[in-house]
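Residue numbering for the sequence shown follows the UniProt record's numbering, starting at 1 and increasing by one per position.
Hints were generated in silico from the structure; no laboratory data involved.
Among these hints, one or two may not hold up.
[Claimed, not checked] Pairwise CB distance ranges, derived in the manner of DEER restraints:
#: 1; residue 1: Asp27; residue 2: Arg99; range: 38 to 46 Å
#: 2; residue 1: Val39; residue 2: Ser101; range: 52 to 60 Å
#: 3; residue 1: Val43; residue 2: Ala96; range: 18 to 26 Å
#: 4; residue 1: Asp129; residue 2: Arg100; range: 27 to 35 Å
Note that CB positions come from ideal geometry on N, CA and C, so glycine has one too.
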Amino acid sequence: MLRFLPVIAEVALLVFCLIDAIQSDPDRVRNLSKGWWIVLIVVLPIAGGVAWLVAGRPQTPRTHVPWRSTETAGFPEYERPRRYGDDATAEERRRAEERRSDELHEQMLRDWEAQIRAREQAVERDRPDA
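Using the sequences and the hints, build the whole thing.
Here it is in structure tokens:
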């Protein structure tokens, strides 16, 4: 079993470095392009893996998240990006859509109230006077 340890270590290094290189952001990979690092890791498993860890791997960890974090103590549902963006025209589009939606709801309420009044009046007319 001990004689297989170097082979297991080599395969583990190859798999780790290959997955890490594939998942790395191409703009942050150092010294070579991402494709060349993958080729180097596959062709020269030990030397390529060590070279990737020393000279190719991005120095800073990935911190990209789709929303700004730490503003609401770990509740990202409150931090998600806005639907319309951050510029003034997008804000105006959002407000216009909200106004249109509010007007639609108000119109629906007016229609329902008119229907209820019409039913009440029909009931009043059909009721016999006692």
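Hint by hint, here is what the structure shows:
1. The hinted window of 38 to 46 Å between Asp27 and Arg99 holds, with their beta carbons roughly 41 Å apart.
2. Look at Val39 against Ser101: about 54 Å separates their beta carbons, and that is inside 52 to 60 Å.
3. At about 58 Å, the beta-carbon gap between Val43 and Ala96 misses the expected band of 18 to 26 Å.
4. For Asp129 and Arg100, the hinted distance range of 27 to 35 Å is not satisfied, since their beta carbons lie about 47 Å from each other.
Consistency note: the structure conflicts with the earlier hints numbered 3, 4.
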